[in-house]
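Chain by chain, the residues run as shown.
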Amino acid sequence: MKEGFWREMGLSDDEYELIKEILQREPNEVELGMFGVMWSEHCSYKNSKNVLKQFPTTGPQVLQGPGENAGVVDIGDGQAVAFKLESHNHPSAIEPYQGAATGVGGIVRDIFTMGARPIASLNSLRFGSLKSKKTRYLFKGVVAGIAGYGNCMGIPTVAGEVYFHPSYEENCLVNAMCVGFMKHEDLAKGLATGPGNPVFLAGARTGRDGIHGATFASEEISEATEERRPTVQAGDPFMEKLLLEACLEVLKTGYVLGMQDLGAAGLTSSSCEMASRAGTGIEMDVAKVPCREEGMTPYEILLSESQERMLFVVQKGKEEEVRAIFEKWDLEVTIVGQVTADGLMTIKEGAEIVAQIPAQALTELCPRYDRETQEPEYLAQAQGYDLGALPEMEDYGKVLLTLLGTPTIASKEWVFNQFDYQGGTNTVVPPGSDAAVLRVKGYNKGIALTVDGNSRYVYLDPYRGGQIAVAEAARNLVCAGAQPLALTDCLNFGNPEKPEIFWQFKEAVAGMSEACRQLETPVVGGNVSFYNETKGEAIYPTPVVGMVGLVEDLAQVTTLGFKQEEDLIILLGQNKDELGASTYLSVIHGLEAGKSPEIDLELEKQVQQATLELIKMGLALSAHDCSEGGLAVALAECCLAGKMGAEIALTENIRPSSILFGESQSRIIISIHKSKIDTVLQHLKKLQVPSKVLGSVGGEVLSIAGSGWKVKVELAEMEEKYWRAIPCLMKG
Amino acid sequence: MKFGIVVFPGSHGQTDCHYVFEQILQEPVTYLWHAEEDLQGVDCVIIPGGYAYGNYLRAGAIARFAPLMEQVIAFGKKGGLILGICNGFQILTEAGLLPGALIRNPSLRFQCQNTYLRVEQTETPFTNLCEQKEVVKMPIAHEEGGFVTDKETLERLEKEGRVILRYCNEQGEVTPESNPNGSLHNIAGIVNEQGNILGMMPHPERCVEAILGGEDGKKIFNSLVAWWQGGAGR
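Respectively, the protein sequence lines represent chains Y and E.
Under my numbering, the residue at position 179 of the first sequence is numbered 197, and the numbers go up by one with no gaps.
Under my numbering, the residue at position 138 of the second sequence is numbered 464, and the numbers go up by one with no gaps.
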């Protein structure tokens with residue numbers, strides 16, 4: 019082997035030595051390429067696996083935890099949902115439309131591979147400032163790419179979130195989530211069982227696109243990676259739609275023993291992961307793989323990341339039945355190999371063996387690293403910033419309007435109107451609320467879906483930020499009237515080889531794990547995306563949580579908008595003097611400082627349970643959680659969604675900036691009919707949940723009065739800011 | 327009344343339509359596979375929304391060549407009832423059953439939103455249960471929904487009363503602001519000369535239950551059934 023060639027494959031000298039030891043010889047170029055992709059961070063989780071072990075992953079609701087293509091949870095009546103969140107950051111930063119489109123395509127395949135029919139998509143996006151031309155280009159391309167792929171597939175994109183922050187200027191984040199519906203008995207797995215059974219490859223032909231995509235995703239973005247634009251794959255949603263229908267149809271026959279899509283590391287990963295899980299081997303002839311281009315080498319065929327392909331193992335003797343289904347859908351399907359008992363990945367080109375590696379060497383023997391950790395230097399200074407010295411503003415009405423017009427807070431209608439969010443006719447709560455709700459046809463129940471993650475909290479306190487990410491996702495579901503069930507995560511961080519980054523990662527995962535345990539929402543799947551850095555600058559640490567909840571009775575579906583004049587507005591939870599890590603500080607004072615808001619998970623749980631109870635009792639007519647922009651923005655959002663004003667009186671002795679815009683956790687705003695006030699307050703007292711009446715719904719103005727100050731903003735002014743901000747910026 | 331829903335590779339509105347006929351209207355319904363050449367004796371053909379053949383080349387351009395389409399065209403020419411929704415409307419124009427074409431929205435973006443429609447004609451198989459000038463609310467979800475045609479055809483469509491649905495505001499006023507996709511004369515739906523084929527961009531099948539935000543779509547489907555029971559089916 020040419021000296022140092024392995025480094026081009028992203029392997030370290032030590033890893034290369036280990037490979038020689040495993041094989042008891044030098045690997046050839048093809049084998050080295052296979053190790054290169056399988057031992058990349060993207061496929062092996064070598065830097066993160068030890069940390070991820072902290073996540074609770076079990077619970078009575080969990081039918082399939084991490085390790086498969088997607089997690090699966092029980093929703094009763096013999097039904098289940100499969101879901102997973104995954105990043106496609108690097109490809110999207112290079113080629114926004116195709117990068118985002120194939121991100122959707124990849125996660126959709128993960129879902130139907132499990133035997134579930136995809137019923138909803140979500141996404142979590144992060145960009146730089148919309149004032150920059152580059153950001154507008156990326157934002158526009160990414161949204162169009164998600165729309166282009168998802169709409170064509172007929173899968174409604176029902177919820178999502180978008181944050182704009184300078185740390186994502188060069189390295190945008192595109193996290194896509196897909197949710198599928200199935201009956202328990204439909205659950206399929208990625209297992210290559212039964213030596214002698216044929217291995218089929220179906221769908222698109224294999225081309226030279228995306229070779230080493232997984233390796234590329236495991237390094238920082240630089241000018242050199244810009245040149246790798248051609249390695250970003252192009253998506254064909256029509257092909258994927260055919261593949262989806264054919265795969266679900268073929269799974270119903272019972273002749274398919276295991277199925278896995280070809281994602282990162284293509285044919286290599288799908289085949290060796292299926293073999294490794296089943297403890298078998300696979301013998302495959304690359305000459306049988308239908309190629310898009312002539313003269314492709316075994317190396318290229320094995321590492322290609324061409325989209326819309328599926329690998330599966332069929333019961334011997336049922337080849338023709340399976341073939342007929344794919345042909346009905348006008349899809350190419352080929353037997354490329356067979357399952358073997360020897361545990362080896364034997365790759366042939368015709369009669370010649372071009373690579374032979376134990377399957378588990380590729381999937382299990384990659385070294386795991388416990389990276390060094392160190393608290394970053396910025397932290398003590400940022401946390402210690404004297405927020406008390408900040409002056410109070412003169413006109414808080416103006417501040418509120420500014421915040422409502424800040425792209426991170428403003429309406430994302432410009433985004434979600436590009437998504438076909440009603441297809442499938444299940445969308446009861448469309449995008450724009452705390453969580454989306456889909457009904458289950460034929461039943462009086464539904465599922466609630468949300469995706470959430472505030473990276474400023476994590477940047478200023480990764481442990482707390484991790485806790486909040488989970489708590490807030492659960493809070494969103496509760497506000498929609500759902501019981502949170504489980505979550506999937508996408509952990510977007512910088513270069514884990516830097517101790518400061520790895521410290522952020524470790525702390526955030528620890529915080530998330532703690533919240534998962536307390537709120538009884540296990541992690542059933544997810545994805546880690548490291549190396550989100552440009553020219554040595556990391557993004558803000560961004561763990562994103564995608565959560566699924568169950569709405570037991572569709573009559574309980576609740577939204578954020580105030581419902582009728584004279585309803586009373588109640589706050590569950592406590593207002594505190596906490597301005598740290600707020601959007602207010604960032605937008606108004608240009609400060610990313612202070613301590614992230616405190617979170618008491620016991621209180622969080624109480625507030626959530628109380629809200630859900632009041633919803634179930636039919637008492638809470640609207641519910642909305644306080645998040646970015648604090649109490650004032652949350653109240654404004656309730657007014658905007660309900661198209662009516664409110665009159666609020668605050669009695670706490672907290673300075674106006676903090677009480678209006680501080681982002682204290684575990685707060686939910688509900689509105690109730692005025693006749694029910696005694697029942698509600700008594701119930702809250704019984705549950706020992708801190709709460710107070712804030713005021714009442716009505717009029718065309720939102721007015722908030724404190725001791726000695728008052729904020730008054732016309733609904734029409736708020737509407738102008740909130741609805742127009744993003745369309746205006748996108749015209750510029 | 328038996329409904330048949332055409333399924334092309336890439337169609338996806340078929341299941342939504344099927345649900346409406348089976349569960350909401352409780353009328354017999356069957357799928358019609360693109361590669362077959364038999365309409366199975368249905369009384370009304372529905373061409374649903376979606377991306378038939380990926381809408382590659384041009385929306386509807388490939389679908390019109392499917393074997394089943396010959397039967398659909400013959401059925402329509404004989405006076406059979408056909409409803410094309412969204413992509414179905416695009417396919418009907420490509421197949422020559424309806425005039426004009428649907429071009430890209432001026433926003434150059436896919437648009438999913440609710441629209442208000444004014445019912446311009448009520449003496450049709452598709453709108454006979456509506457009031458004259460009634461305003462109904464239905465969602466659109468398309469990237470290529472701008473109805474265009476030459477001047478003469480447009481004049482004929484108007485003169486012959488073949489514009490059935492027009493985008494309007496909540497008050498029923500046909501304004502430029504209420505036109506979501508740049509359609510000429512705010513046209514949302516038209517019929518052929520004989521009046522038995524309707525193409526519309528909005529999705530009636532997506533608004534047949536209060537829980538999904540509205541029931542106005544039912545008026546279209548119920549009109550079809552009423553028309554059938556009132557004479558056409560006898």
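No wet-lab data here; the hints were simulated from the structure.
Take these hints with a grain of salt, some might be off.
Said to hold, decoys possible - Below, in silico cross-link-like pairs of lysine to aspartate or glutamate (EDC-like), each with a Cα-Cα straight-line distance of 16 Å or less: (1) Y:Lys730 to Y:Glu515; (2) Y:Lys20 to Y:Asp31; (3) E:Lys404 to E:Glu535; (4) Y:Lys553 to Y:Glu203; (5) Y:Lys459 to E:Glu535; (6) Y:Lys201 to Y:Asp92; (7) Y:Lys459 to E:Glu348; (8) Y:Lys463 to Y:Glu584; (9) Y:Lys346 to E:Glu348.
- prompt: Between Y:Lys201 and Y:Asp92, does the CA-CA distance stay at or below 16 Å?
  reply: 9 Å, holds
task: With a cut-off of 16 Å on the C-alpha distance, tell me whether Y:Lys20 and Y:Asp31 pass.
output: Measuring from Cα to Cα gives roughly 13 Å; hence the hint holds.
task: Quickly compare the C-alpha distance for Y:Lys346 and E:Glu348 to 16 Å and report which way the hint goes.
output: Cα-Cα ~26 Å, so violated.
query: Can the restraint linking Y:Lys459 and E:Glu535 be considered satisfied, given a maximum Cα separation of 16 Å?
result: 12 Å, holds
- prompt: Under the criterion that the straight-line Cα-Cα distance not exceed 16 Å, is the pair Y:Lys463, Y:Glu584 satisfied?
  reply: 30 Å, violated
message: Can you confirm whether the C-alpha distance between Y:Lys459 and E:Glu348 stays at or below 16 Å?
response: OK: Y:Lys459 and E:Glu348 at ~13 Å, within 16 Å.
- prompt: Given the hinted pair E:Lys404 and E:Glu535, is their alpha-carbon gap at most 16 Å?
  reply: 33 Å, violated
query: Keeping to a limit of 16 Å between CA atoms, is the pair of Y:Lys730 and Y:Glu515 held or broken?
result: 51 Å, violated
query: Y:Lys553 and Y:Glu203: Cα distance at most 16 Å?
result: Distance of about 49 Å is beyond 16 Å: violated.
Of the numbered hints stated above, those contradicted by the structure are hints 1, 3, 4, 8 and 9, listed in ascending order.
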